[in-house]
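Given the coordinates of chain A, work out where chain B should sit on it, guided by the hints.
Those protein sequences? They're chains A and B, same order as listed.
Going by this note's numbering, the first residue of the first sequence is number 152, and it counts up by one from there.
Going by this note's numbering, the first residue of the second sequence is number 66, and it counts up by one from there.
Calculated from the structure, these hints are not laboratory results.
Computed from a predicted model, the values in this text were never measured in an experiment.
No residue lacks a Cβ here, since even glycine has one placed at the ideal position from N, Cα and C.
Hints are not guaranteed to be accurate.
[As the list claims (entries may be wrong)] Derived DSSO-like pairs: lysine-lysine, alpha-carbon spacing no greater than 27 angstroms straight-line:
hint: 1; chain 1: A; residue 1: 254; chain 2: A; residue 2: 239
hint: 2; chain 1: A; residue 1: 436; chain 2: B; residue 2: 133
hint: 3; chain 1: A; residue 1: 520; chain 2: B; residue 2: 123
hint: 4; chain 1: A; residue 1: 518; chain 2: B; residue 2: 122
hint: 5; chain 1: B; residue 1: 366; chain 2: A; residue 2: 520
hint: 6; chain 1: B; residue 1: 331; chain 2: A; residue 2: 489
hint: 7; chain 1: A; residue 1: 554; chain 2: B; residue 2: 90
hint: 8; chain 1: B; residue 1: 90; chain 2: A; residue 2: 520
[Unchecked claim] Distance ranges between label pairs, derived from CB positions:
hint: 9; chain 1: B; residue 1: 479; chain 2: A; residue 2: 174; range: 46 to 56 angstroms
hint: 10; chain 1: B; residue 1: 367; chain 2: A; residue 2: 174; range: 44 to 54 angstroms
hint: 11; chain 1: B; residue 1: 90; chain 2: A; residue 2: 553; range: 19 to 29 angstroms
hint: 12; chain 1: B; residue 1: 420; chain 2: A; residue 2: 299; range: 52 to 62 angstroms
hint: 13; chain 1: A; residue 1: 275; chain 2: B; residue 2: 367; range: 46 to 56 angstroms
hint: 14; chain 1: A; residue 1: 186; chain 2: B; residue 2: 136; range: 51 to 61 angstroms
Each chain is listed here by its residues.
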Amino acid sequence: MDIELVVIGGGPGGYAAAFLAADLGMKVAIVDQEPRLGGVCLLRGCIPSKALLHVTRVIAETEELKEWGVDYSKPAVELNKLRARKEKVISILTGGLKQLAAKRNVRVIHARAQFRDGQTLRLSPVNGGTLEDNVLRFQRCIIATGSRPVIPGLFPTGVDRIMDSTVALDLPEIPDSLLVVGGGYIGLEMGMVYASLGSRVTVVEMMDGLLPGVDRDLVRPLQKRLEGLFAAIYLNTKVAAVHLVDNGVEATFEGAKTGTERFSRVLVSVGRRPNSDNLGLENTKVQVDSQGFIVVDARRRTAEPAVYAIGDVAGQPMLAHKAAHEGKTAVEAISGHKVAFEPRAIPAVVFTDPEIAWTGLTETDAKRKGIPYEVAVFPWAASGRAQAMGRTDGFTKWIIDPKTERVMGCGIVGPSAGDLIGEATLAVEMAASARDLAETIHPHPTLCETLGFAAEVFFGQATDLYRPRKKD
Amino acid sequence: MPIEFALPNLGENVTSGDVINVLVKEGDVIVGNQAVIELETDKAVVEIPCPYGGQVKKVLVKKGDTVKVGQTILIVESEVAEKAPVVSPAKGPESQVAAAPPEEKPSPPPAAPTPPPVAAVTAATTATAVAPEPSPLVEVDSRLLPAGPAARRLARELGVNLATVQGTGRHGRITVEDVQRAAQSRAEAPRVTIPSPVVPPGEPGQDSWGPIRREKMSKIRKTIAAQMTRSWTTIPRVTNFDDADVTDLENLRKSVPPDFLGEGLKLTFMPFVMRAVSLALRHHPLLNASLDEENEQIIYKEYINLGIAVDTPRGLVVPVVRNADQMTIPQLARALSEVARKARNVEFTVDELRGGTFTISNLGAVGGTYSTPIINYPEVAILLLGRSRWLPVVRDGQIVARYMMPLSLSYDHRLVDGAAAARFLNEIIDWLQNPGKLLLVS
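Just chain A, same shape as in the assembly (with noise of 0.2 angstroms):
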């Protein structure tokens, strides 16, 4: 078999770049070891968790409601119905893939791809299916076979007491306490279903604080919150040890909490790993990193002249937008464009409540490579929208450059912060200056009206806010 493009991963990097390449006329296939298109952002990532989220934020919401004298009874929740609703959705968003690549006379492949050399794919068939063909030959080729859950190696596997995100996005049970491994994104998001669901869930991390890397500030008013919803948060604390026990895990801490405690199940979210290996690297010029990333240049093109890599596999963030950009680029390179994939922002949203959300530069990284910044901080309890939802444990805040006055990066925390950093991203990409953002007029009132008035913040000067003026 011969085809013009092949496209190894049906996620969203795999099957942006596959849709853009049919609708520019070439023949295309994408090769994926699942039945359903959609890779782990819709199958067991993105989609799912918000699905579940989404039902987090109501119950919450629910007991927000009390203080404003409207008391609903505790939610009585019916598992299989929740899993069903959640499965709903996946299955209506994958159906219009599957679709949307019929039309475009996208093959769609069910199989395994291993390469061959740099020209030729071995495909070998998934649960027992069959293949007209097990050799395919290749113009050019895309890897987009994304990553897969770390489990390290002290926990035990094949036990379904001790889960990764796949597992525990399928909602097994609801167990009577959790324990959360790994204060990043997807153990704070899936803790937070839990939690909302009834489990007592404890979260450890390893290092001094929760989402790492993240910019302290916007972390605090999550962590505020978690430290309510959540049996317990162990900061500077390993997981040393752990048994089965009776229905149950005994883990060991060490580091700043010390002992051992029994859960009913325990989450690993402690990272993801690129899917590099098994694919028949081997036999072809492609590198790989140590850490496992396919090496690629501004096109997303590896050492092997044919052979693309985009997504997770190619590199951080590993960002389903990330992906499907450099999907488009690897694509237009292939198709003789000028094309680099050097965005000045890639936005990252903590779907949490709060929401936690920033883009382009962040006080971190400006500290950290030493590039001059100031911060102009509007907090949301001097939002009037952010009163009359009662949430006004959120802030927003620009990271401009003193020189140029340009906003160089953005973060929010608050609820629907994910929804608000879209128009900062857009700022950041066209060098906007803070004075843009000010004199643009935002509604009133909305939460997205705090980045209009954070500007105002930097010049000293915001209606809603009043701060003693430091410089003329």
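For chain B alone, coordinates are given in the frame of chain A:
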């Protein structure tokens, strides 16, 4: 930690270069991917970017030095040993190389924590035998400039360096229109003429008859000299002269409205000649061949890649327009303008100068009629165009004024007989004299 930055691989067969300029000095603070030296190789002048940011501790090369691949250029003191992503060179359209994509070595991924950088550079160097790298032509890091994604994309497509563009938007923002203007003004930029009297370059000196200046031969001049000597000593060359009546073609060319093919794109005779030559080569494969003396074989090329001799301030270069026979006249016009622009701006990569099968040299813009061009070895023929001029010509017993283009075809007489060359030249002339046919043939 101090990091040594060594000369990275510059592409196939390029092992060293001469330092034309050192762009940084000790004590300077550089950002990742900042150009640190200008290097002249056999084929091109390139800026060499250093992927490491930090303070320059030591500069180990100076102007005029010959630097080998792998030789240390700088020592950079970097606080965070972070290697910036290398911006890869803007290369020619990939579609042209679908069959055999140019081999490239990718840059390290942005997020990878530093592998020991020195080792990484060494590894890259030793890997060259297998995987040639692109020549590291530099695209200025446009990420900090006030231009949005659409403007940056257009600049990449048009080959505009954003750092040189004056933004007219609010707060100096570079708009899409600014990029278009920059691309256009560059196309219209007048050629730099050498002022007279000319002071030749080089070190002043004295010989028995008076003052002299001695200049080290540039790499490009040495390459030209070697190539010319090889051709002259290898190829028994014969040149045929003839004229093509291009009166009709000239009328047709002048009837095309300005900017019809695209803004700033001037329609000259060249695309027509390239088309005529491509068509004639299809029928005379011997003129598109080369001689394998060692194996006593004739290699017929089934592709037609036209080398275009371009006069640049640094000397003659011959970039190649690939698969010219598959291009229409508007496509040829665009390819030609791109080649000329790249040659003027010294932007071409080594790969773009390889793989020609026949060369066309156009002296028409400068002047002169006939010449005896030297064949671009291992090709077997070269066509030189002189300046077209009005001549009295006898037609049907009447003397009429016709616009005549002088043509000089040199060929390798080992392979091409005089009659074969004449028939080939006749076909070219026939196409040029019948522009209607030339336009309609597919």
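How the hints compare with the structure:
no., hint, result
1, A/254 x A/239, "holds, 22 angstroms"
2, A/436 x B/133, "holds, 25 angstroms"
3, A/520 x B/123, "holds, 22 angstroms"
4, A/518 x B/122, "holds, 23 angstroms"
5, B/366 x A/520, "violated, 54 angstroms"
6, B/331 x A/489, "holds, 23 angstroms"
7, A/554 x B/90, "holds, 25 angstroms"
8, B/90 x A/520, "holds, 22 angstroms"
9, B/479 x A/174: 46 to 56 angstroms, "holds, 52 angstroms"
10, B/367 x A/174: 44 to 54 angstroms, "violated, 32 angstroms"
11, B/90 x A/553: 19 to 29 angstroms, "holds, 27 angstroms"
12, B/420 x A/299: 52 to 62 angstroms, "violated, 44 angstroms"
13, A/275 x B/367: 46 to 56 angstroms, "violated, 37 angstroms"
14, A/186 x B/136: 51 to 61 angstroms, "holds, 55 angstroms"
Comparing the model with each numbered hint stated earlier shows that hints 5, 10, 12, 13 do not hold.
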